[in-house]
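Asker: Here's the letter readout for the chains.
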Amino acid sequence: MNPSVKQEKSFAIMLAAPSVLVLIITTTFPILYLIWSSFQNINLAMPMNDGFAGIENYIEMFKDKQYWKSFRLTIIYTVSTVSLQLLIGLGLALLILRIPKAQWVFRLMAILPIVLAPVVVGLFWRTLMLTPDFGIVDFFTQAIGLGSHAWLSEPKLALFSVILIHTWQWTPFAFLVLLASLASLPSDLYEAAKIDRASAIKRFFYITLPLIRPAIIIIVIMRSMIALSAYAAIYAATRGGPGTATEILNLYAYRTSFLEVNFGYGSTLAVFILVVTVSVATVLYLIRKKNN
Amino acid sequence: MNKKIRDSILTLLATFILLIWILPLIWSVFVSLKSEIEVMAYPPNIFFEPTLNNFRDAISGSLSIVSELADSLIIATITTTLTLLLSIPAAYSLARLNLVGKKKLGFYVLATQMIPPMGLVIPYYLILGKFGWLDTYHGMIIVYMTFSLPFAIWLMVSFMEDIPREMEEAAFLDKASRVKTLLYIIIPQVKGGIAVTTLFTFMNAWNEFLFAVQLSGNKVRPVTIAMYNFVSVEQTMWAKLCAAALIAMIPVIIIGIIGNNHIVKGLTLGAVKGGGRK
Amino acid sequence: MKNKKSILEKKISRRKFVKNSVYTGLALGVFPGILTYPSDALAESFGANINWRQAEGSEITVGLIPAGYFKNLADVKSTFEDLTGVKLNIEMTPPAQIRNKAMLDFSKKTGMWATNCTDPMFYYLYEANGWVDRLDEYLENPKLTDKKWFDYEDIQASWRGTTSVKGVPYGIPFDGEATCQIYRKDIYDKAGIKPANTLDEYLSNAQKIHDPKNRLWAAAVRGMKGAGQNMYIYPSILAGYGGKWFNSSGKMTVHTPEAIGALDYYVKLQKSFAPSGVSNWNWPDLADAFGQGTLGSYIDANSTAAVINNAEKSKVVGKIGYARWPKGPSGKRVCSIWNWSFPINAALSEKDKVATWLFIQWACSKETQAATSHKFAGAYKRVGVNRNSVWKNSDFQSLMSKMGDNFVDTSIKSYNQDTDADWRPRTAKWPAIGGEMATAIQSALVGEKSSSQALIDAQSKIDKLMMG
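Chains as they are written, first to last, in numbering that gives the first Met the number 0: chain X, 0 to 291; chain Y, 0 to 277; chain A, 0 to 467.
Keep in mind that the hints were calculated from the coordinates and are not lab data. Since the structure is predicted, the reported quantities are computational estimates derived from the model, not experimental observations. We put the CB at the ideal spot given by N, CA and C, even for glycine. One or more hints might be untrue.
Stretches of chain Y that chain A covers, calculated by requiring three or more beta carbons in the stretch to come under 8 Å of a beta carbon on chain A [to be verified]:
| # | stretch |
| --- | --- |
| 1 | 139-145 |
| 2 | 208-216 |
Short, incomplete list of chain Y residues facing chain X, as computed with Cβ under 10 Å [said to hold, decoys possible]:
| # | residue |
| --- | --- |
| 3 | Leu22 |
| 4 | Ala90 |
| 5 | Arg95 |
| 6 | Pro149 |
Quick list of simulated restraints, FRET-style, between CB atoms [stated by the list, open to error]:
| # | chain 1 | residue 1 | chain 2 | residue 2 | range |
| --- | --- | --- | --- | --- | --- |
| 7 | X | Phe204 | Y | Pro42 | 43 to 53 Å |
| 8 | Y | Lys129 | X | Phe204 | 48 to 58 Å |
| 9 | A | Ser247 | Y | Pro42 | 47 to 57 Å |
| 10 | Y | Lys218 | X | Gly146 | 42 to 52 Å |
| 11 | A | Gly191 | Y | Pro42 | 30 to 40 Å |
| 12 | A | Glu139 | Y | Lys218 | 28 to 38 Å |
Use the sequences and the hints to build the structure in full.
Answerer: Structure representation (structure tokens):
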């Protein structure tokens, strides 16, 4: 082998090794423990029952109506919020891109929602924003004629509200990444396209979009993972209620593991979330690889 | 359309949208300046006598969040520093070098981020408990790094991929060593990306709640738990809570402002250089 | 300069030392018994015939939730530290997470918390897992407890019942409450009505004062989903309808005619007279609304009195009245039994367990109860003291009567006459069951399911939980 190629390979390994090692050390045991627990009966309320359960937990999961409901809610929640984040983020980025001066002000303003701790966001939106006849969002909807609603108490509205809260907080991430990505695009490509008299829309779809695809995919992957593991804000806002209208899979796993102290089953749910997430990510990852 | 007019309209539109977007935050500033009884008024009033008492209560006195701010600062800073030190080289390796098993490693890194945090609480509690690292700085840092490392690596990878190939080839021709290439050529190119990564890594560690509450809380007490100083079972002191939350936002905002310049620099550099293919 | 000062200081302190030694020697000579128990003025003021310093040098951490009554305890903790020489750390934990954290600590035996404020419904679970020590051993040990001084029987009987499993105490109640009617005296007087004696009267009273157009909702109770939230009110209504949790063969049945009646009443009350966000409301929201004057009455813990009487936030001070729970169709009235109690973590070392027991004794003693309540220096005075003797204390009573009309009378009668230990199902599986019931109640409240359907679904879930 060419010495410099060999050199490059060992250099590459040297650079990546520390991180990979840290990850192996810190995540291997937890994953194994989680998987092991999912095959066990671990229920603190019934210690006499503890023991190996085989795939009982998994069978129960597939029969569990609440699990399917949570699963459905999770998909709706994740797809909605990530799509919204992408669309709004892209729109905002395109808009702000055109404004050369004082972009930093907009960037600063945009980042503020993310800076607020999710647990505070949940508490805040629950009472000061969305409480009927008290919160200012409700005040505004009444003022513009949309009327007052039980934003967090009506099942379907509650789901809409928590999606809204999550989107409100995290769109700035998509916005920033897309802004950075758009700003780094080479301008000569556009010049060429303009000379070819391509319309703005055509320019966007055929030039811009393909070029920022990697950024979009990263955003989708990362935001999806955050959405799937969302906990603090929803819990503070609705606790998964009303009833179970906003109990995404993550919250259901939390309720099972901690509130109902059925760790075995809760682990099963967690393992399943992991499997789903990894599968989705695999698909997205392959798309991405295909691109490059 | 006249460019100036178009720009003004766009600026106005952007300002309007962003103002609406951060309306809840603007409102929380109002709330933090009101007295508790004022907060409950309906219809909500914009004109009132402002008071700084809530900020005072959040900083001094029995409800003070100052020591929690310090704890969070320590944890977040160290986490971010370590994460950057580890992730930037790793990202470079994954993005631009001939790394053995690149695809699989890349995917492994991504996958480690997908473990639902809920499922990690108990294993981490067990591990930290065994080593006596519960309620310690190093315990929390290790746990946070598990999340921040994959995130940072992936973020940096996407920024690194944006740099044109010619960069390394040019450096190579100049007989620059690999390390020098990384340090003096590549890294300056992704300053903007580093700034973004720093910001988000810091912020994720700063705002984390689930693990903070379960794995620490006594000797080491992050600021997210401190928010509950104002949320007792009997009542929520909204004005003080908003004051505390706003104070807690300051360190992150500072980092954002500092990093902002680098983001701008990085982007300008990219735009001017131009060229390069994907 | 500095040296001169310190020499002088040394001289003075040496003189003091000599003086003290002489006195001590005299005292020892005259009262040899003093050597055995500390002549600490503090210990004397506590008057217990035990060695408060037997765990000196230990360090314990106590998990508490942020709440006025615990804050007062935290504020006086130096008394405990001076008394015993034990370092006391208090860790304030958000209420929604404290239970998890406590159970994680117990089950993994990490011994992080010597004790924590415990929900009485969890003792069956704790006992079943052997996580907490039997306290009768501590109570009966003369080295650890001066029975006469501690006077365990002085603590509310019904509360002691809830912290015991099969008659054996596992926790000592520290602070408690009972639910009762809380209403606007001025509004009731104006409408010419008296606080309701039956559940139906409560509805008709509400009808008379309900005026949402003028931002006055007549009545509300907790709607938020949770074993400690809506499942803190529903069981009282259930008892009022004559419902029981276990049928005659001991099987847990939640889908019964009484239960449907109770749930229907609950839904009707909330839908007709409560503000629309109520299905997400917990007691702070109720207290806030009442304090702002938008709620005519509510049924919740008497301890909310401290909040609604806080002039900093409340507009209705001086206009408040209290009354016992209305009777249900079965003629019964049952209020909540609730208290925060302290157990001893079984995973601790022997010395730390002693230190913890000293803490518990100190916190639940007559002296500390008074010190955190009517004798407390701050603005918030504890209402939910655990001892009958303190409730009978004239200073305490005069302080409590400031909470509103009939506060003392309502509270005492509720504690003594309206409690029922089986008001909620006492079982190790409570966490899961409480959660399922809470979900069911809320589903009915938001109209997701009918009362009957919600209970049927809950029943099938509970059947599964109770199996095995």
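Asker: For each hint, tell me whether it holds in the structure or not.
Answerer: Verification of the supplied hints:
Coverage of the stretch 139-145 of chain Y by chain A is violated [criterion: at least 3 residues with CB-CB distance below 8 Å; count 0]. For the stretch 208-216 of chain Y, the stated coverage by chain A holds: 3 residues have a C-beta nearer than 8 Å to a C-beta of that chain, and at least 3 were required. Annotation: interface hint on Leu22 (chain Y) holds; nearest CB of chain X at approximately 8 Å, less than 10 Å. Given the 10 Å rule on beta carbons, the hint for Ala90 (chain Y) holds: about 9 Å separates it from the nearest Cβ of chain X.
About 9 Å separates the beta-carbon of Arg95 (chain Y) from the nearest beta-carbon of chain X, less than 10 Å, and the hint is met. About 7 Å separates the beta-carbon of Pro149 (chain Y) from the nearest beta-carbon of chain X, less than 10 Å, and the hint is met. The supplied range of 43 to 53 Å is met by Phe204 (chain X) and Pro42 (chain Y), whose beta-carbon atoms lie about 46 Å from each other. For Lys129 (chain Y) paired with Phe204 (chain X), a C-beta distance near 56 Å keeps the hint of 48 to 58 Å intact.
Separated by about 56 Å at the C-beta atoms, Ser247 (chain A) and Pro42 (chain Y) satisfy the suggested range of 47 to 57 Å. One distance hint, 42 to 52 Å for the beta-carbon pair Lys218 (chain Y) and Gly146 (chain X), holds here, with the actual separation near 50 Å. Distance hint check: the CB atoms of Gly191 (chain A) and Pro42 (chain Y) are about 31 Å apart, consistent with the given range 30 to 40 Å. One distance hint, 28 to 38 Å for the beta-carbon pair Glu139 (chain A) and Lys218 (chain Y), holds here, with the actual separation near 35 Å.
This entry does not satisfy hint 1, going by the numbered hints stated previously; all others are met.
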